[in-house]
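S.K.: Single-letter residue listing:
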Amino acid sequence: MRPDLDVVASLVPAGARVLDLGCGDGALLEELMRRGNDVLGIEISDDGVLSCMARGVPVLQEDIDQGLGDLADDAFDVVIMSLTLQAVRNPALILREMHRVAGRGIVSFPNFGHWRLRAQLAAKGRMPVSPLLPYAWHETPNIRLCSITDFEALAHAEGFRVERRILLDEGGSPRGGGVAGRAPNLLAAGVVYLLGR
Amino acid sequence: MGAADDTRRSLGLVETRRVVLFTEDDPLVLDSGETLAPVEVAYETYGERAADDGNVVVVCHALTGDAHAAGHHGDPTRPGWWDTLIGPGKPVDTDRLFVVSSNLLGGCQGTTGPSSTDPATGTPYGLRFPLFTVSDLVKVQRRLLTHLGVRRVLAAIGGSLGGMQVLQWALDHPDEVDNGIVVCATARLSAQNIAFSAVARAAIMNDPDFQDGDYYGTGRGPDHGLSVARMMAPITYLSEESMRQKFGRRIQDRDEPRFDLGVDFQVESYLQHQGEAFLDRFDANSYLYLTRVMDYFDPFADPERVRERLAACRTRFLVLSFDTDWRFDTSHSKQIVRTLTAHRVPVTFREIASPHGHDSFLLEVPEYHRTVAAYLDRALAEAR
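Protein chains in written order, with the working numbering: chain U, 1 to 197; chain W, 1 to 384.
To be clear, the hints were calculated from the coordinates, so they are not data collected in a lab.
Quick reminder that beta carbons are idealized off the backbone N, C-alpha and C, glycines included.
Be a bit skeptical, because a hint or two may be false.
Counterexamples of contact, computed for chain W against chain U with all Cβ distances above 12 Å [said to hold, decoys possible]:
no. : residue
1   : Val20
2   : Pro76
3   : Leu127
4   : Arg142
5   : Gly219
6   : Arg250
7   : Arg258
8   : Gly262
9   : Asp264
10  : Met294
11  : Phe317
12  : Glu351
13  : Tyr375
So, partial list: chain U residues that the calculated Cβ filter (under 10 Å) puts toward chain W [what the hints assert, rightly or not]:
no. : residue
14  : Val39
15  : Leu40
16  : Gly41
17  : Val49
18  : Val57
19  : Pro58
20  : Val59
21  : Leu60
22  : Leu71
23  : Ala72
24  : Leu121
25  : Ala122
26  : Lys124
27  : Thr140
Derived Cβ-Cβ restraints for the label pairs, each shown as a range [to be verified]:
no. : chain 1 : residue 1 : chain 2 : residue 2 : range
28  : W       : Thr123    : U       : Asp74     : 55 to 61 Å
29  : U       : Asp63     : W       : Asp212    : 50 to 56 Å
30  : W       : Arg281    : U       : Asp74     : 47 to 53 Å
31  : W       : Glu240    : U       : Asp74     : 37 to 43 Å
32  : W       : Asp295    : U       : Ala153    : 15 to 21 Å
33  : W       : Arg17     : U       : Tyr135    : 58 to 64 Å
34  : U       : Leu93     : W       : Thr77     : 49 to 55 Å
35  : W       : Arg307    : U       : Leu121    : 51 to 57 Å
36  : W       : Lys246    : U       : Arg2      : 44 to 50 Å
37  : W       : Arg307    : U       : Arg2      : 33 to 39 Å
38  : U       : Arg89     : W       : Glu240    : 27 to 33 Å
39  : U       : Leu93     : W       : Arg258    : 54 to 60 Å
40  : W       : Ile235    : U       : Gly103    : 55 to 61 Å
Take these sequences, add in the hints, and give me the full structure.
M.R.: If you want it as structure tokens, here you go:
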């Protein structure tokens with residue numbers, strides 16, 4: 001499993017009912033099922049859905065940009081969106097829907113405020129490319145890039161409060177040491193949030 | 001489906017068997033409280049049953065299906081109605097699965113229905129046959145399994161009315177079916193759906209030869225009404241696009257239109273043929289009863305009961321719809337998904353792209369077949 005998914009999994013309480021938005025191949029949910037969580041994935045790609053089915057992960061093939069109209073208020077304990085926020089058309093709508101269907105949210109995304117990305121744009125004048133954002137500008141699915149500061153403003157506006165924030169390095173693993181904590185928006189390549197209402 | 005085709009074979013020759021499942025001493029007790037006996041059922045089985053019954057799949061047919069789902073009865077060019085899906089190397093793989101397929105209660109292809117003899121009178125039931133529900137259909141499916149000695153069901157699968165039975169089964173007996181595969185079905189017919197049924201029934205019942213349903217043995221029956229009812233059905237089963245592709249505005253057997261009121265366009269000829277061919281294989285009273293069963297189906301009507309039943313539900317679901325199906329469009333499937341998900345029942349849902357409308361569930365739509373195969377593969381692996 002990707003290292004950032006280990007971080008996400010560690011934030012999911014035992015026994016919680018979990019929804020994963022953009023669950024991809026279902027690896028995270030399979031691991032959570034193994035831990036005894038009750039899970040549901042939403043995924044738009046055919047290959048992702050079939051991979052989930054092969055893992056025995058229940059999955060709805062839907063476009064989260066249309067909202068989560070098939071899911072009831074408070075149907076879940078935790079809703080996860082890992083490295084997906086930056087690829088949706090309407091992040092505010094999805095945050096609102098997450099807030100509606102679960103008491104807690106776990107959101108991870110690549111931090112566009114990271115110094116290396118800033119440097120690429122500033123020094124070369126080219127759109128940045130990094131391990132967490134590996135695509136060229138004209139073919140990237142990542143259309144809603146934001147920094148830590150940007151995200152926190154939107155999350156607050158949508159009624160979330162930050163319960164935990166775990167900073168990631170460029171490999172997607174948690175950053176050791178306290179240095180990044182002093183200037184997270186500059187020093188963290190990615191971030192995982194645990195959000196509460 | 002490319003190279004995989006090489007492994008897909010036909011079951012070859014299969015046969016329909018019959019068994020009396022309910023007798024005078026042990027009648028079928030319907031939801032209405034009425035009893036029915038005897039109840040005979042026509043069924044077929046395919047594949048080898050595992051010693052632990054871990055590979056049993058029950059096929060539930062739709063409105064006008066029968067027990068003969070796969071293989072053939074002597075003419076390989078006339079296979080069973082779901083032969084695209086069921087067979088060696090096919091998505092419902094009879095090399096690994098044991099498949100049971102029976103004709104529904106109220107049908108007319110070997111299972112007791114309105115055309116069967118009422119033991120009280122010695123004449124066919126006609127409209128004296130009791131009204132029944134989808135739950136009653138499930139009771140008969142279950143009794144057949146008891147007769148066969150089957151102790152577990154790996155999966156129940158059905159399209160349209162077949163899917164409605166799968167859903168009802170999981171509600172009525174939440175610990176019996178491991179996996180429910182519900183294809184282009186609904187939990188509640190819309191006003192538009194009921195309207196089409198109403199017109200079909202009116203065509204039959206207003207036929208002067210209907211004789212209040214007692215047309216058996218009189219030498220005349222509501223053939224005209226039944227064929228009109230059946231002409232309407234394919235209109236709702238096909239998409240507008242597939243009708244455009246199949247027929248367009250082409251003229252039958254000539255280049256120029258005749259400009260008369262007879263059958264001129266190809267689509268008219270097709271519908272007429274559908275209607276007439278149906279007379280040979282279907283009983284008008286069965287059509288009345290089975291369409292009515294669908295109209296009244298509403299398993300999620302009582303939220304308290306649904307909550308109680310689904311809390312105990314051990315069935316996991318695969319729910320599929322087709323994007324051009326307008327008989328039971330995707331919103332019907334999503335309603336099922338919404339209710340099951342709200343009660344924490346594991347569901348996998350896909351809307352499959354297919355140009356063929358409601359009929360898609362009977363056809364070889366690659367992504368559809370890939371999905372059913374993947375789901376059953378996993379189900380079988382978990383059962384082992």
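S.K.: Next, verify each hint and record whether it holds.
M.R.: Each hint, compared with the structure:
At roughly 40 Å from the closest C-beta of chain U, the C-beta of Val20 (chain W) stays outside 12 Å, upholding its exclusion from the interface. Even its closest Cβ contact with chain U, about 32 Å, leaves Pro76 (chain W) beyond 12 Å, as expected for a residue assigned away from the interface. For Leu127 (chain W), the shortest C-beta to C-beta distance to chain U comes to about 41 Å, beyond the 12 Å cut-off, and the non-interface label holds. The beta carbon of Arg142 (chain W) is kept farther than 12 Å from every beta carbon of chain U, the shortest such distance being approximately 26 Å.
Even its closest Cβ contact with chain U, about 54 Å, leaves Gly219 (chain W) beyond 12 Å, as expected for a residue assigned away from the interface. With a cut of 12 Å on Cβ distances, Arg250 (chain W) stays outside the contact zone with chain U, its closest approach being about 35 Å. For Arg258 (chain W), the requirement that its beta carbon stay farther than 12 Å from each beta carbon of chain U is met, with the minimum near 47 Å. The Cβ of Gly262 (chain W) sits about 47 Å from the closest Cβ of chain U, beyond the 12 Å cut-off, so the non-interface label holds.
For Asp264 (chain W), the requirement that its beta carbon stay farther than 12 Å from each beta carbon of chain U is met, with the minimum near 43 Å. Interface exclusion of Met294 (chain W) from chain U stands, the closest Cβ pair being 24 Å apart, more than 12 Å. With a least beta-carbon separation of about 8 Å from chain U, Phe317 (chain W) fails to lie farther than 12 Å from that chain, contradicting its non-interface assignment. Not every Cβ of chain U is farther than 12 Å from the Cβ of Glu351 (chain W); the closest lies at roughly 7 Å, contradicting the non-interface assignment.
A cut-off of 12 Å between C-beta atoms contradicts the statement that Tyr375 (chain W) is not in contact with chain U; the least separation is 6 Å. Of the supplied interface hints, the one on Val39 (chain U) holds, with its beta-carbon coming within about 8 Å of a beta-carbon of chain W, less than 10 Å. Nearest Cβ of chain W to the Cβ of Leu40 (chain U): about 7 Å, under the 10 Å cut. The hint holds. Hint status for Gly41 (chain U) relative to chain W: holds, with the closest Cβ pair at about 9 Å, below 10 Å.
The closest approach between the C-beta of Val49 (chain U) and any C-beta of chain W is roughly 6 Å, which is under the 10 Å cut-off, so the hint is satisfied. Of the supplied interface hints, the one on Val57 (chain U) holds, with its beta-carbon coming within about 8 Å of a beta-carbon of chain W, less than 10 Å. At its closest, the beta carbon of Pro58 (chain U) sits 4 Å from a beta carbon of chain W; the interface hint therefore holds under the 10 Å criterion. The interface hint given for Val59 (chain U) is met, as the beta carbon of that residue sits about 5 Å from the closest beta carbon of chain W, less than 10 Å.
For Leu60 (chain U), the shortest C-beta to C-beta distance to chain W is roughly 5 Å, which falls under 10 Å, so the interface hint holds. With a least beta-carbon distance of about 6 Å to chain W, the hint placing Leu71 (chain U) at the interface is held under the 10 Å criterion. Proximity of Ala72 (chain U) to chain W holds as hinted, the smallest CB-CB distance being about 5 Å (cut-off 10 Å). Checking Leu121 (chain U) against chain W by beta carbon gives a least distance of about 40 Å; that is not within 10 Å, so the hint is violated.
Interface restraint check: Ala122 (chain U) against chain W, minimum CB-CB distance 45 Å, threshold 10 Å, status violated. Interface restraint check: Lys124 (chain U) against chain W, minimum CB-CB distance 42 Å, threshold 10 Å, status violated. For Thr140 (chain U), the interface hint is violated, the least distance from its beta-carbon to any beta-carbon of chain W being 26 Å, above 10 Å. One distance hint, 55 to 61 Å for the beta-carbon pair Thr123 (chain W) and Asp74 (chain U), holds here, with the actual separation near 59 Å.
Evaluation of the 50 to 56 Å hint for Asp63 (chain U) and Asp212 (chain W) yields a pass: the beta carbon distance comes to about 52 Å. Evaluation of the 47 to 53 Å hint for Arg281 (chain W) and Asp74 (chain U) yields a pass: the beta carbon distance comes to about 51 Å. Separated by about 41 Å at the C-beta atoms, Glu240 (chain W) and Asp74 (chain U) satisfy the suggested range of 37 to 43 Å. Between Asp295 (chain W) and Ala153 (chain U), the C-beta spacing of about 54 Å breaks the proposed range 15 to 21 Å.
Separation of Arg17 (chain W) from Tyr135 (chain U) is about 60 Å and conforms to the stated range, judged on CB atoms against 58 to 64 Å. As the Cβ distance of Leu93 (chain U) to Thr77 (chain W) is approximately 54 Å, the hint placing it in 49 to 55 Å holds. Between Arg307 (chain W) and Leu121 (chain U), the C-beta spacing of about 54 Å keeps the proposed range 51 to 57 Å intact. Taken as a hint, the range 44 to 50 Å holds for the pair Lys246 (chain W) and Arg2 (chain U), whose Cβ atoms sit roughly 48 Å apart.
Checking the proposed 33 to 39 Å range against Arg307 (chain W) and Arg2 (chain U) shows it holds: the Cβ atoms sit about 38 Å from each other. A hinted range of 27 to 33 Å for the beta carbons of Arg89 (chain U) and Glu240 (chain W) is consistent with their spacing of about 30 Å. For the hinted restraint 54 to 60 Å between Leu93 (chain U) and Arg258 (chain W), the CB-CB distance of approximately 57 Å keeps it satisfied. As the Cβ distance of Ile235 (chain W) to Gly103 (chain U) is approximately 48 Å, the hint placing it in 55 to 61 Å is violated.
Violated hints, in rising order: 11, 12, 13, 24, 25, 26, 27, 32 and 40; the structure is consistent with all others.
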